[in-house]
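Chains as they are written, first to last, in our numbering: chain A, 1 to 207; chain B, 1001 to 1207; chain C, 2001 to 2207.
Bear in mind the hints are in silico, worked out from the structure with no lab data behind them. By construction, the Cβ of each residue, glycine as well, lies at the ideal position given by its N, Cα and C atoms. Check before you lean on any hint, since a few could be wrong.
Stated by the list, open to error - Restricting the straight-line Cα-Cα distance to at most 25 Å, the calculated cross-link-like pairs of lysine to aspartate or glutamate (DMTMM-like) are:
no.: 1; chain 1: A; residue 1: 172; chain 2: B; residue 2: 1067
no.: 2; chain 1: B; residue 1: 1172; chain 2: C; residue 2: 2154
no.: 3; chain 1: C; residue 1: 2172; chain 2: A; residue 2: 30
Stated by the list, open to error - Only part of the chain C face toward chain B is listed, based on derived beta-carbon distances under 10 Å:
no.: 4; residue: 2028
no.: 5; residue: 2154
no.: 6; residue: 2155
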Amino acid sequence: MKYDSAKFVVALDLIGIFVFAVEGAMAAIDANLDLLGLMVLAFSTALAGGIIRDVLIGAAPPAALRDWRYAATAFAGAALVFGWDDFVRQIPYADLMVADAAGLGLFAVAGTGKALNYNMPPFIAILLGGITGVGGGTVRDILLSRVPTVLWSDVYATAALAGAAIMVAGLKLRLPPAFMTVVGAVACFLLRVVSVWRHWSLPRVAH
Amino acid sequence: MKYDSAKFVVALDLIGIFVFAVEGAMAAIDANLDLLGLMVLAFSTALAGGIIRDVLIGAAPPAALRDWRYAATAFAGAALVFGWDDFVRQIPYADLMVADAAGLGLFAVAGTGKALNYNMPPFIAILLGGITGVGGGTVRDILLSRVPTVLWSDVYATAALAGAAIMVAGLKLRLPPAFMTVVGAVACFLLRVVSVWRHWSLPRVAH
Amino acid sequence: MKYDSAKFVVALDLIGIFVFAVEGAMAAIDANLDLLGLMVLAFSTALAGGIIRDVLIGAAPPAALRDWRYAATAFAGAALVFGWDDFVRQIPYADLMVADAAGLGLFAVAGTGKALNYNMPPFIAILLGGITGVGGGTVRDILLSRVPTVLWSDVYATAALAGAAIMVAGLKLRLPPAFMTVVGAVACFLLRVVSVWRHWSLPRVAH
């Protein structure tokens, strides 16, 4: 299944990277890391998902390392938090959550589209969309020696997978790629935001 | 050193994946993860070893992502545990351990064989057989924020390395590949089972 | 930016691997791991940085797995610690720190040089030099379920990045590669040693 990535997704990518980098840098401060740790967490949270995807689909060197602007954008997010932590902390949680949900949707569809371009099977492309969305936060949590939040809390990876699945389903039905990219990203975004608003969580087996 | 992988190893692979996925899903429940976490742990425990091996030998995209049946088998194991946890918990520990030992033996020889096919040096192919066998459990433990069991307990990776080494030694002596594959897997299986039965452990330096 | 790697860097590499392997094995004993864990930590601490770099620049299989001597050197370091732990523990901390700083400098410039050879942008090559230097210790800490030391303590990754940056800056100015390799390694070494001696640390944001 071939997929023509829309140029505007690439541009929006940098916005998602900035948002995720800011969140990674804030987590670094909460964990009392130093400036180097803050930069590493900003970089990892923003770019590790895409790097893991690219390594897995055989697209090494990853896009995030071919082009210095990705890393520069992540470090710009780190610099904002390092220099103006007080300002960043004043941003309401709801605003950060909404920006994060937008980034998640963008990463999910961008990741799915790239996986399809590399001829991955549709089912695997959906998984890779999910990994692109949540891989950065997972690496951040591993570096902080925590069980990744995505494994036990909230409807987060599920939203990314749902957006990716909707996009792939639409492409299977030969709907226009640009249209399905937007639909998939919006679906992920809405599912994420509504799930936070309504306090949804996934089922678990009691033990 | 060239090695012709026997078709039946590929088929048995899926059985090993199912067993490892069941164990990963059970560990997810013990750690109070949600359904998404259960699926991720089943997937990782079953497939991360082979994925790491394939990335390291330059065989990206990994087999586990080229063919949707690998992931589907892992998720089938996850579904079994999620839907019938009570049933799975009734399986005696000894049965699970024996099934796991069989999976370990299969993964070790399959991993070693694939590494040899990709022209890795024999000594490195043995290490990659070990990584294929224990990589999934290691990633599972890292995701659960634990020191991987394989690093401090039991004779587990050692059994995988021994089976891989016996297989490579036999191939060096020009014994038939299919025969040495079986011998290596059985050697790993027996060493693992006997070591649990006799409570063997590796030496360590007192500190 | 092309870079001709000096042969002597490759030779010195093995010394750095040995030093890092000894440190990884000592950390394994401190964490009460068994012999297998000790070998894994020696291997990971010594080689994971270079392996991650090679996977990221698209140089799979990594150099550390193409040539059995890298792994053998790491295991030799493990064997030294396992067999003569009392002897190794008598080495003064300052000596170990100086040897480690030398290894860090070598890894940083070797990693940067290899990244340039694979046509990575200069800014990214500096990051990859840093990853080559600190990747092993980071993987060691993750396997020990700890927040990697490099993220919150000392001037360590910063020294590696500084050495890499100086090397890249010199190459940009068309200074001789062999000369800039030495300058970069020495700069990293000196910055690391002086920072320990003067108890320097990076700034952090109070939280």
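May I ask which of the numbered hints given earlier this structure violates, with the numbers listed in increasing order?
Hints 2, 3, 5 and 6 are the ones this structure does not satisfy, whereas the remaining hints hold.
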